[in-house]
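**Q** If you want the building blocks of each chain, they are given just below.
There are 2 protein chains.
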Amino acid sequence: MADTSGRKRRGGGRAGNAARRVKAGIIDQMPWRLPVNMDRPTEPLTEEGVLAIHDGAMRILEEIGIEFYNTEARDILKEAGCSVEGDTVRMGRDFVMEMVGKAPSSWTLTPRNPARQITLGENHILFGNVSSPPNYWDMSLGRKVPGTREMCANLLKLSQYFNCIHFVGGYPVEPQDIHASVRHLDVLYDKLTLTDKVAHTYSLGKERVEDAMEMVRISGGWSHEEFEASPKLYTNINSTSPLKHDEPMMDGWMRMARRNQGLVVTPFTLAGAMAPVTMSGAVAQSLAEALCAVALAQYIRPGAACAIGTFTSNVDMKSGAPAFGTPEYMRATQMTGQMARFYDLPMRASGVCAANVPDGQAMWETSNSLWSAVQSGAHMVYHAAGWLEGGLIASPEKFIMDCEILQMIQRYMEPEVWATGPDEIAIDAIKDVGSDGHFFGIQHTQDRYTTAFYQPFASDWRNFEAWEAAGGVWTPERAHQIYQDIIANFEAPPMDEAIREELAAFVARRKQEGGAPTDF
Amino acid sequence: MADTSGRKRRGGGRAGNAARRVKAGIIDQMPWRLPVNMDRPTEPLTEEGVLAIHDGAMRILEEIGIEFYNTEARDILKEAGCSVEGDTVRMGRDFVMEMVGKAPSSWTLTPRNPARQITLGENHILFGNVSSPPNYWDMSLGRKVPGTREMCANLLKLSQYFNCIHFVGGYPVEPQDIHASVRHLDVLYDKLTLTDKVAHTYSLGKERVEDAMEMVRISGGWSHEEFEASPKLYTNINSTSPLKHDEPMMDGWMRMARRNQGLVVTPFTLAGAMAPVTMSGAVAQSLAEALCAVALAQYIRPGAACAIGTFTSNVDMKSGAPAFGTPEYMRATQMTGQMARFYDLPMRASGVCAANVPDGQAMWETSNSLWSAVQSGAHMVYHAAGWLEGGLIASPEKFIMDCEILQMIQRYMEPEVWATGPDEIAIDAIKDVGSDGHFFGIQHTQDRYTTAFYQPFASDWRNFEAWEAAGGVWTPERAHQIYQDIIANFEAPPMDEAIREELAAFVARRKQEGGAPTDF
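Line by line, the protein sequences are chains Y and A. Sequential numbering of the first sequence, starting at 1, is according to the UniProt record's numbering. Sequential numbering of the second sequence, starting at 1, is according to the UniProt record's numbering.
Worth flagging that the hints you see were computed from the coordinates, not collected in a lab. It is possible that part of the hints are untrue.
The list treats identical chains as one, so a pair stands whether inside a single copy or across any two.
Derived DMTMM-like pairs: lysine to aspartate or glutamate, alpha-carbon spacing no greater than 20 angstroms straight-line [what the hints assert, rightly or not]:
1) Lys206 - Glu247
2) Lys318 - Asp447
3) Lys244 - Asp87
4) Lys431 - Glu63
5) Lys102 - Asp87
6) Lys78 - Glu513
7) Lys318 - Glu468
8) Lys318 - Glu79
9) Lys511 - Glu67
10) Lys318 - Glu465
11) Lys431 - Glu62
12) Lys102 - Asp246
13) Lys431 - Glu502
14) Lys102 - Glu79
15) Lys318 - Asp460
16) Lys244 - Asp428
17) Lys318 - Asp28
18) Lys78 - Asp190
19) Lys78 - Glu226
20) Lys431 - Asp55
21) Lys206 - Asp186
22) Lys78 - Glu67
23) Lys102 - Glu122
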């Protein structure tokens, strides 16, 4: 970053002007805002269907139970009156519903820049970048390679650059060139300095969670009391389906609950593999796995900021490989939306695909998943930009292409599109133009021309001849160029130098202490 | 066709077996069925909004009027009590609503194969192939070329092959190697022999419409009386927006109404160009242009089979070029859906994109338009497979890729996906598997394995390494291969030889007579 700013500051004359022009915006994107989803959700389930899935989830918790591989969690749930046999915890529906009833239906997350505060719930739909792929692919490489810190930082820059990305997830690609013991320190440093949006921590051991909370606290210049006054970061845990919560995830979950931070639990229930082959069964199991974690958090801290996620998809019948963005995935997402409203909890969904490269398949699978998130009333959409190969690859071209879809979804939600006042019905304009003219030049058009329609940045709307004359560039190549331009001209959001130094010192100290323990 | 079958019949031994294997199905596609859209439509407009747009459409018809460049139509409307000044016809809302009230809310179209009958209305959503592009593009050519009869026939074969295509539109590509005077004869001959699905006629002069009705009548072996007993083919007319109906379109419209054939009217109201820059104004104008044609048809034949189409999109703010699959397009489609229900008329929408090649942009634009058709409750989706460059290019790869999306939409609508009976909630299966096992091998999975999930034919769900080892083929290249395989192994649906000869004789006679008059 310092290098880039340095170059720019040194630039003068024509080059300097060009740099300033570019700095004003590599692309013409929509402003930062928290979209409001006013569409009535698509609800495949009848009321009886909702109750049947609820009953299924409760029976799983009551009769079958969930394995909690965490002694402390079991002790707490035993104290709460649950049945504990070995690792298996069974809990009655009265307890579960009493605990779930304590969870707020919406809550905020406040990052170091308060202007980037987000609200989970209240009909907002918010988008986050791809998280956790071990590998990276881009058009210039043309192959799949292990992620590095630089690739990770570049994807963080995209996450900051695009206003349609509202929060930052886990590592946008796993930086395998940093040792796992200190990886969380370096990436979180990059994340907190390259972005000013809401950050995330993996629940992978107490050291990582505590380090993350401390670094986020430092980034905001908050006292410990201020930090705990409202959620400043969040974790997302996955159950180990079927029916297990593992030790470090539960540890992080409870630590974050105690300090009033954001809690998202997302079982990965792949129908036919880790869950029943029938979608309502997979949804019921997913809810059971999620709700017992919510109950635990609410027992520890009544009113803890919880959300339930859906990651219910299906396997490929031929190979057993996970499939994404399928019709079954869409319906499972919509069904989970109905259940989240039944439990009055914010909901997380995802932008996903099985495709290996940013081609047509990638876009129909991603479109299916993103539109099902809209249709389900989801509040938080993970992996909404940059994901390929079922989450095993992060791609900057896919990131750019997905952001075009996200912007269209954001525009789709702006009520002026369907306004029906007299000025919009525009009888006078229609009368003026009559049957002979056109609407291009008239005042009614001139007054609205610049804001009337969505303006794309990655789509090419020219006709074939003009497109061909300009090189005949297909979408992923266009996206690659946009990616390069954004990275070349990226400027980090401002940060107080004292805070940056405090963060750097914290990272240095924790590295000296060895970071988080690993077994390698 | 004869050539292909001939080659196959001569084939024996290993090659013959391979051919037979292939003939059983080049791809594993879903069966022919008429999907039922049980989703509650997405309705951006309030009740007041619906009434405001209705009032706008009525004021356009009452105060501004529509130009009817057809003497007979004007005479009929004058007789009906409308005000006629020059070419301008104004009609009161009472008359319009009385006439619209006579139109059926659903109607059937029966092609020569009665098993391919379709119902427009009643919550069905049906898909048709791309229609009317002058040009063609495919991966092997890699460039845009004028359409030919062979390209047109190949796209007709795709339209027949795919069960997710329910009706055939106009020329899937304009065969520019056939003189315009006889083009309709050759293409309709190809259409009626290569497909057994519902056919269409352009309303481009009385000869073409009369020839089409006669050829369709012959194809079904119907008497004139049987032909007129229910709709056997349909026409789709476009108003010349703003506010004009031209001579030949009106002529075909009235001819088809008199003989009880299907009537679809679809204004092309591009907001900011041929309609107001505001979407509700563009929708109101589109409805005015459509409803006056419906009123004319109902006056001529009460109960005539009418549907209104929407083709309201917006221009690119920079170039004035049409844009498709935009957020504004989606909302206009949903708004038109609300209005179609207000008027209780079947509705047509489209699958559209501005992209020039079958890439990511093509798929997000097409996905947006197709999902908005689903959300709007549209009954008939034109151009649902094969369209590029705003309708100026037909592409077989795009056709194949679109059919994957159409099949997913069809699967999305099958209620077993969200069934919630005890067998689907599957508590026993979850209990049996517990927290240790997986669901792959259990009986509950085995019993449902082959039908539980959508099975793709163009998507590649393998992981990156397996996909790369198999050549690393991107979606359009895969689609190209599928296209080649389908064409190489295509078999036309059976047709009585006497009917084929009668059709051929009709074409020969009409060619001898000069076909339809042209001015060149």
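**Q** The structure should be examined with respect to each hint, and the outcome stated for every one.
**A** Hints versus structure:
Proximity of Lys206 to Glu247 under the C-alpha cut-off of 20 angstroms is restricted to the intra-copy arrangement: shortest distance 10 angstroms within a copy versus 78 angstroms between copies. Proximity of Lys318 and Asp447 under a CA criterion of 20 angstroms is satisfied inter-copy only: 15 angstroms between copies versus 56 angstroms inside one chain copy. In the homo-oligomer, the alpha carbons of Lys244 and Asp87 lie at most 20 angstroms apart inside one protomer (9 angstroms), although the nearest pairing across protomers, at 75 angstroms, exceeds that limit. Proximity of Lys431 to Glu63 under the C-alpha cut-off of 20 angstroms is restricted to the inter-copy arrangement: shortest distance 8 angstroms between copies versus 70 angstroms within a copy.
Proximity of Lys102 to Asp87 under the C-alpha cut-off of 20 angstroms is found in neither arrangement, the shortest distances being 26 angstroms within a copy and 69 angstroms between copies. In the homo-oligomer, the alpha carbons of Lys78 and Glu513 never lie at most 20 angstroms apart, since the shortest distance is 36 angstroms inside one protomer and 93 angstroms across protomers. In this assembly of identical chains, Lys318 and Glu468 lie within 20 angstroms of each other by CA distance solely across copies; the values are 18 angstroms between and 40 angstroms within a copy. In the homo-oligomer, the alpha carbons of Lys318 and Glu79 never lie at most 20 angstroms apart, since the shortest distance is 46 angstroms inside one protomer and 66 angstroms across protomers.
With identical chains, the CA atoms of Lys511 and Glu67 are never at most 20 angstroms apart, being 34 angstroms at best within one copy and 79 angstroms at best between copies. Taking identical chains as interchangeable, the C-alpha atoms of Lys318 and Glu465 lie at most 20 angstroms apart only when they sit on different chains, with a minimum of 17 angstroms there against 42 angstroms within one chain. For the homomeric pair Lys431 and Glu62, the shortest alpha-carbon distance between copies (11 angstroms) is at most 20 angstroms, but the shortest distance inside one copy (68 angstroms) is not. For a Cα distance limit of 20 angstroms, the shortest separation of Lys102 from Asp246 qualifies neither inside one copy, at 24 angstroms, nor across copies, at 66 angstroms.
Neither within a single protomer nor between protomers do Lys431 and Glu502 lie at most 20 angstroms apart by alpha-carbon distance, with minima of 66 angstroms and 52 angstroms respectively. In this assembly of identical chains, the alpha carbons of Lys102 and Glu79 lie at most 20 angstroms apart only when taken from the same copy (18 angstroms versus 70 angstroms across copies). Within a single copy, Lys318 and Asp460 get their C-alpha atoms only as close as 37 angstroms, which misses the 20 angstroms cut-off; across copies the closest is 11 angstroms, which meets it. In the homo-oligomer, the alpha carbons of Lys244 and Asp428 lie at most 20 angstroms apart only across protomers (18 angstroms), although the nearest pairing inside one protomer, at 65 angstroms, exceeds that limit.
In the homo-oligomer, the alpha carbons of Lys318 and Asp28 lie at most 20 angstroms apart only across protomers (12 angstroms), although the nearest pairing inside one protomer, at 44 angstroms, exceeds that limit. For the homomeric pair Lys78 and Asp190, neither the shortest alpha-carbon distance inside one copy (41 angstroms) nor that between copies (75 angstroms) is at most 20 angstroms. Neither within a single protomer nor between protomers do Lys78 and Glu226 lie at most 20 angstroms apart by alpha-carbon distance, with minima of 32 angstroms and 77 angstroms respectively. Within a single copy, Lys431 and Asp55 get their C-alpha atoms only as close as 60 angstroms, which misses the 20 angstroms cut-off; across copies the closest is 15 angstroms, which meets it.
In this assembly of identical chains, the alpha carbons of Lys206 and Asp186 lie at most 20 angstroms apart only when taken from the same copy (17 angstroms versus 75 angstroms across copies). Proximity of Lys78 and Glu67 under a CA criterion of 20 angstroms is satisfied intra-copy only: 13 angstroms inside one chain copy versus 80 angstroms between copies. In this assembly of identical chains, the alpha carbons of Lys102 and Glu122 lie at most 20 angstroms apart only when taken from the same copy (17 angstroms versus 44 angstroms across copies).
Going through the hint list in order, the structure does not satisfy hints 5, 6, 8, 9, 12, 13, 18, 19.
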